[in-house]
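Number of protein chains: 4
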Amino acid sequence: MIIVLRPGASPAQIDEVIAEVKILGYEPSPIIGVAQTVIAAIGDERTHQNLESLTALPQVESVLRVQKRYKLASRESHPANSVIDVAGVPVGGPQFTFMAGPCSVESADQLFATAEAVKAAGATILRGGAYKPRTSPYEFQGLGKEGLRLLREARERTGLKIITEVLSERDVEHVAETADILQIGARNSQNFQLLIECARTQKPVLLKRGLSERIEEWLLASEYLLAHGNPNVMLCERGIRTFETYTRNTLDLSAVAIAKKESHLPVIVDPSQGCGRADLVIALCCGAIAMGADGLLVEVHPTPAEAWSDGQQQITFDGFRDLVAAVQPFLTAVNRTA
Amino acid sequence: MIIVLRPGASPAQIDEVIAEVKILGYEPSPIIGVAQTVIAAIGDERTHQNLESLTALPQVESVLRVQKRYKLASRESHPANSVIDVAGVPVGGPQFTFMAGPCSVESADQLFATAEAVKAAGATILRGGAYKPRTSPYEFQGLGKEGLRLLREARERTGLKIITEVLSERDVEHVAETADILQIGARNSQNFQLLIECARTQKPVLLKRGLSERIEEWLLASEYLLAHGNPNVMLCERGIRTFETYTRNTLDLSAVAIAKKESHLPVIVDPSQGCGRADLVIALCCGAIAMGADGLLVEVHPTPAEAWSDGQQQITFDGFRDLVAAVQPFLTAVNRTA
Amino acid sequence: MIIVLRPGASPAQIDEVIAEVKILGYEPSPIIGVAQTVIAAIGDERTHQNLESLTALPQVESVLRVQKRYKLASRESHPANSVIDVAGVPVGGPQFTFMAGPCSVESADQLFATAEAVKAAGATILRGGAYKPRTSPYEFQGLGKEGLRLLREARERTGLKIITEVLSERDVEHVAETADILQIGARNSQNFQLLIECARTQKPVLLKRGLSERIEEWLLASEYLLAHGNPNVMLCERGIRTFETYTRNTLDLSAVAIAKKESHLPVIVDPSQGCGRADLVIALCCGAIAMGADGLLVEVHPTPAEAWSDGQQQITFDGFRDLVAAVQPFLTAVNRTA
Amino acid sequence: MIIVLRPGASPAQIDEVIAEVKILGYEPSPIIGVAQTVIAAIGDERTHQNLESLTALPQVESVLRVQKRYKLASRESHPANSVIDVAGVPVGGPQFTFMAGPCSVESADQLFATAEAVKAAGATILRGGAYKPRTSPYEFQGLGKEGLRLLREARERTGLKIITEVLSERDVEHVAETADILQIGARNSQNFQLLIECARTQKPVLLKRGLSERIEEWLLASEYLLAHGNPNVMLCERGIRTFETYTRNTLDLSAVAIAKKESHLPVIVDPSQGCGRADLVIALCCGAIAMGADGLLVEVHPTPAEAWSDGQQQITFDGFRDLVAAVQPFLTAVNRTA
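As you go down the protein sequences, you meet chains L, R, P and G in turn.
For the first sequence, my numbering gives the first residue as 3, with consecutive numbering after it.
For the second sequence, my numbering gives the first residue as 3, with consecutive numbering after it.
For the third sequence, my numbering gives the first residue as 3, with consecutive numbering after it.
For the fourth sequence, my numbering gives the first residue as 3, with consecutive numbering after it.
Incorrect hints may have been included.
Heads up, the list lumps identical chains together, so a pair's fine if it works in one copy or across two of them.
What the hints assert, rightly or not - List of simulated lysine to any residue pairs, SDA-like, C-alpha gap at most 20 Å:
hint : residue 1 : residue 2
1    : K73       : T49
2    : K24       : I34
3    : K263      : R338
4    : K24       : E78
5    : K73       : Y248
6    : K70       : I33
7    : K24       : N251
8    : K205      : E118
9    : K121      : A110
10   : K205      : E29
11   : K73       : T305
12   : K73       : G321
Hints in this document: simulated from the structure, not taken from any laboratory.
Note that the structure is a prediction, hence the values are computed from the model and not measured.
I would like the entire structure built from these sequences, with the hints used as guidance.
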């Protein structure tokens with residue numbers, strides 16, 4: 003780390019900082035500049051204490067990190083792309099992955115019809131929420147275990163693999179009995195206890211980026227999964243919170259390229275949450291593929307206008323067929339098969 | 003709700019929307035405007051389905067809510083200020099509350115010395131983290147149960163009440179045995195399962211605002227606690243995430259006035275997290291009191307430069323004494339006692 | 003507009019609002035809801051006064067707009083794509099446009115070498131700043147008129163058209179003598195006097211989106227150009243300011259699709275400013291094309307490490323050749339020629 | 003500056019960076035760390051070129067600044083508070099300043115009545131916009147020169163000093179004939195040519211913070227005024243753009259304390275723009291004073307519901323009297339006279 007001292011720090015004050023750097027286990031290397039002194043603290047920032055606490059001293063202006071904070075998630079530690087095996091479906095390899103299905107599981111009819119439709123159009127993984135994190139306690143909270151049962155039945159009927167969200171540490175075990183991928187939602191992206199619990203299952207985990215999570219923090223959240231022994235991690239960009247009000251969130255497609263550059267983990271894009279509007283979904287899917295995404299997670303519903311949650315961002319069966327057709331030229335452009 | 007149709011929507015398209023509004027349980031009232039038609043949907047928005055799903059129809063431009071989404075947290079439902087009884091210490095009444103202590107519980111010496119110092123300066127509630135949500139898995143995660151034991155001993159020694167954070171649903175029960183206030187951190191502000199679990203304990207809960215949580219969403223999160231039967235809720239503003247980099251977060255003091263206006267719940271301000279810099283803490287405390295805060299949650303450490311977490315934002319014992327002295331004129335200005 | 007009254011507004015208070023709505027020139031249409039009354043105010047929102055002022059009345063909770071605020075920029079007013087004639091080079095039609103060149107004009111050698119290189123790679127328009135808006139007054143402010151002279155000479159040598167930024171109303175006239183496109187930078191996106199002055203020249207104008215400008219506001223800024231009689235307007239997405247720190251700005255590629263949907267104006271993407279890092283430029287260009295952009299504005303420099311401004315985001319001559327090659331498959335995918 | 007090299011940079015690559023650092027005029031001082039090498043570049047960052055361009059080299063991971071970028075605006079360069087003489091009214095000294103008046107000058111009656119009312123309540127400076135920067139070209143743009151004439155007449159009638167906004171470089175000279183303070187609005191905060199033009203007049207200038215301007219950038223914008231020879235600069239916090247939608251902007255009161263700490267310039271707070279809602283204005287004024295503001299800029303109108311611009315944030319004459327009374331205890335708390 004680099005400790006920047008205020009202009010005019012006295013020799014005694016500089017010595018005090020040097021002494022603290024030693025106490026905290028780093029080797030200090032002072033550099034006397036034209037206007038200010040800086041002290042380079044040599045040592046592994048990931049195994050020693052963070053020196054930012056030194057800004058508590060009045061003569062310290064700021065502390066700058068040098069090293070990256072994530073290890074196992076980094077491209078340096080694992081140069082090749084990780085390919086995750088989702089019950090036989092590879093994610094992150096040359097084949098592109100379509101995950102699709104309703105926001106919430108509402109009924110057998112709704113789920114099975116959607117599963118058939120998305121399978122016919124080219125999806126290999128079925129999404130559907132049985133536990134729903136809703137902003138208001140008065141909104142539909144999901145069918146729970148009955149929803150999981152319907153998801154299992156949909157898998158039996160279609161062969162599609164299942165991705166479904168888990169909200170509670172206590173649900174991880176039984177959700178993992180149904181799910182082929184455990185989905186961690188944006189609001190739980192830094193719910194570290196939930197991450198640790200999911201890591202224990204060894205099931206593939208799709209980790210959504212938090213609403214205002216920096217990319218570094220997102221990779222550090224994935225590091226919780228990896229460091230607790232689960233290498234089967236997929237990242238999912240689903241829009242960040244900005245000042246813009248035209249869309250519900252601002253899908254950060256640059257984050258796809260950055261995550262692929264910094265990390266070896268597969269990156270999935272959720273355009274439905276990303277914009278919150280059905281009319282932009284296809285365009286965002288084209289952009290996501292061009293930016294290097296490994297797959298898409300798309301909300302599809304038989305009659306979006308009557309959906310029990312987030313109807314405004316769900317597309318119809320026809321819409322999903324159109325989407326898969328529309329993205330083909332971009333899959334060709336990136337040399338990927340569907 | 004108000005459904006805005008696109009310019010040029012045909013009579014058949016208007017009728018389709020009117021029919022959907024009826025299906026979803028509202029009474030439609032169309033208004034033909036100069037440029038566009040709008041349909042007012044009459045009905046209780048809190049007990050009916052959200053009509054935003056209608057924007058899935060191509061002729062619908064947007065859907066505007068009319069009603070507020072929170073009920074139990076609202077000033078309308080409870081015009082008087084709520085005063086929470088924290089094991090005999092009232093929060094939210096005429097008496098102003100100082101909560102202070104270290105970011106993390108590190109050792110008996112550190113905790114007990116801090117407890118004595120903050121008590122001597124005027125605090126009535128001791129803060130201290132036993133479970134720490136850290137951005138990186140390689141950072142200090144808290145002393146856990148040993149930390150809770152030390153907090154209990156500090157209470158016995160000083161009589162201070164205890165506020166400590168709970169991260170995991172599975173910890174709620176045993177943390178509640180120690181804590182007089184369960185603290186929900188910013189990253190868990192919309193961890194609804196954790197909120198529901200905390201509600202069950204009937205213990206006072208301090209609910210921090212999420213990093214990018216709108217005030218409406220924060221009040222809806224508090225509504226989860228209230229609707230699950232726990233009226234002992236305090237709100238805590240602790241800084242929001244913005245583009246500014248001078249401070250770690252941007253403390254949103256206007257949120258204090260807004261929360262007091264919209265809600266009857268006590269509002270506490272955390273200036274330490276709010277700015278992430280010890281040198282701004284006193285100024286922010288003065289501002290918080292002027293804006294109507296009911297209390298402060300301040301990080302205090304014997305030697306901040308050597309703290310195991312967030313040293314840069316912790317103040318010394320002398321600093322806390324200075325703080326309590328500095329805010330007195332503002333307590334006088336708002337007619338509150340310390 | 004829709005005026006939402008507070009729950010419990012009295013009949014006299016409702017009448018007061020109805021009377022104000024009439025005074026302000028709208029026809030009021032009250033709707034009595036279950037919990038609240040709303041008053042629809044019928045009239046053209048673009049030719050009447052904004053009713054948001056009514057929230058100054060205590061019984062008014064909020065005022066919701068119905069109509070879009072932009073007219074000439076809207077797709078409704080001009081369903082076909084606008085194609086701008088830049089001294090013979092069409093922008094916004096089937097042909098895709100590459101604009102490239104240095105951030106700042108530094109010298110004859112630097113500019114002419116860059117012009118030759120970008121022309122050889124496929125660019126038809128040369129960028130180069132003669133007047134630079136710099137955050138600090140101590141940074142290089144551009145070569146001014148000498149820079150313009152060099153740009154004219156580069157045009158004579160290569161036949162490339164010229165895009166260059168104008169900062170000052172007083173410079174508009176003489177910059178327009180050199181420029182084929184007047185560039186309005188992000189910091190001046192709502193400098194309406196500068197926009198009006200540029201409109202007068204009838205020259206094509208490229209209007210960058212402001213750092214925290216909503217898409218509606220960006221289109222309204224373009225409306226200043228259009229309403230002052232200049233139809234030759236191009237929009238340019240160049241990144242918005244968010245909480246993310248990995249990149250200098252967050253390029254909002256969804257804004258490309260939205261601007262194309264809402265408006266008929268060509269949309270150009272500036273990936274260099276958009277991320278502030280040379281290593282992401284190619285990926286962002288691919289994404290921009292997939293999202294429907296009509297052209298790119300790319301910073302290219304002979305030796306970026308020694309550039310007088312923003313070297314970190316400029317690519318080399320080889321880099322630009324690689325970029326043009328890398329995007330070909332995406333141009334094919336969108337059926338555009340280069 | 004500190005140049006951080008990527009892990010694994012070769013000796014030749016390190017030498018290349020060292021050579022570039024010398025070319026760019028700094029003295030390099032390499033430090034070999036455990037995981038990475040960093041090179042401290044010794045030299046005055048304000049008089050040399052920015053080394054961030056070195057990140058164009060593949061072996062450079064990042065470049066960290068050490069020095070502050072503003073000089074004349076800094077507390078270090080001028081430890082005492084600057085007190086600005088506004089035609090005899092001191093701003094920034096022990097006396098607190100109330101600036102008040104309508105958003106826009108609408109008529110003689112409106113302006114003179116407001117001037118009398120705010121003077122009677124304690125204001126010494128009258129605000130009123132003659133030139134209005136409006137998001138849409140179809141909104142009221144101000145009375146222009148007739149508005150200035152009315153402001154002069156209001157000054158003659160009441161003795162109040164005048165603050166009014168200037169939008170155009172071409173208007174600076176004639177606006178300065180009327181104004182005692184030239185106001186630079188948030189949208190023009192980085193319109194550097196306008197700042198330079200205002201600097202030339204030697205008139206006091208009130209510089210509003212831009213919608214998404216970092217505090218460092220705001221101080222650098224003030225540095226444009228100072229470096230061009232005008233020391234009569236006041237800063238004005240007026241709310242930043244965030245994700246929050248309850249208010250129009252988020253008033254950043256922490257910025258008041260930071261600006262007072264970093265700089266010697268007076269800091270004024272505009273609560274009306276800051277929240278965009280009349281009902282929060284008084285609370286924000288109390289907070290602003292507690293945080294160390296030197297004055298307030300408040301919008302006051304005879305009948306806000308009928309105001310030609312921003313009625314929702316303007317308060318009545320009675321409201322302003324109440325405001326001045328309400329803030330007295332806080333002025334007492336900060337030892338300031340009104």
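Checked hints:
{"no.": "1", "hint": "K73 - T49", "verdict": "within (11 Å within a copy, 38 Å between copies)"}
{"no.": "2", "hint": "K24 - I34", "verdict": "both (18 Å within a copy, 17 Å between copies)"}
{"no.": "3", "hint": "K263 - R338", "verdict": "within (18 Å within a copy, 28 Å between copies)"}
{"no.": "4", "hint": "K24 - E78", "verdict": "neither (29 Å within a copy, 30 Å between copies)"}
{"no.": "5", "hint": "K73 - Y248", "verdict": "between (37 Å within a copy, 17 Å between copies)"}
{"no.": "6", "hint": "K70 - I33", "verdict": "between (23 Å within a copy, 17 Å between copies)"}
{"no.": "7", "hint": "K24 - N251", "verdict": "neither (46 Å within a copy, 30 Å between copies)"}
{"no.": "8", "hint": "K205 - E118", "verdict": "neither (25 Å within a copy, 48 Å between copies)"}
{"no.": "9", "hint": "K121 - A110", "verdict": "within (16 Å within a copy, 60 Å between copies)"}
{"no.": "10", "hint": "K205 - E29", "verdict": "neither (42 Å within a copy, 47 Å between copies)"}
{"no.": "11", "hint": "K73 - T305", "verdict": "neither (45 Å within a copy, 30 Å between copies)"}
{"no.": "12", "hint": "K73 - G321", "verdict": "neither (41 Å within a copy, 30 Å between copies)"}
Comparing the model with each earlier hint shows violations of hints 4, 7, 8, 10, 11, 12; every other hint is respected.
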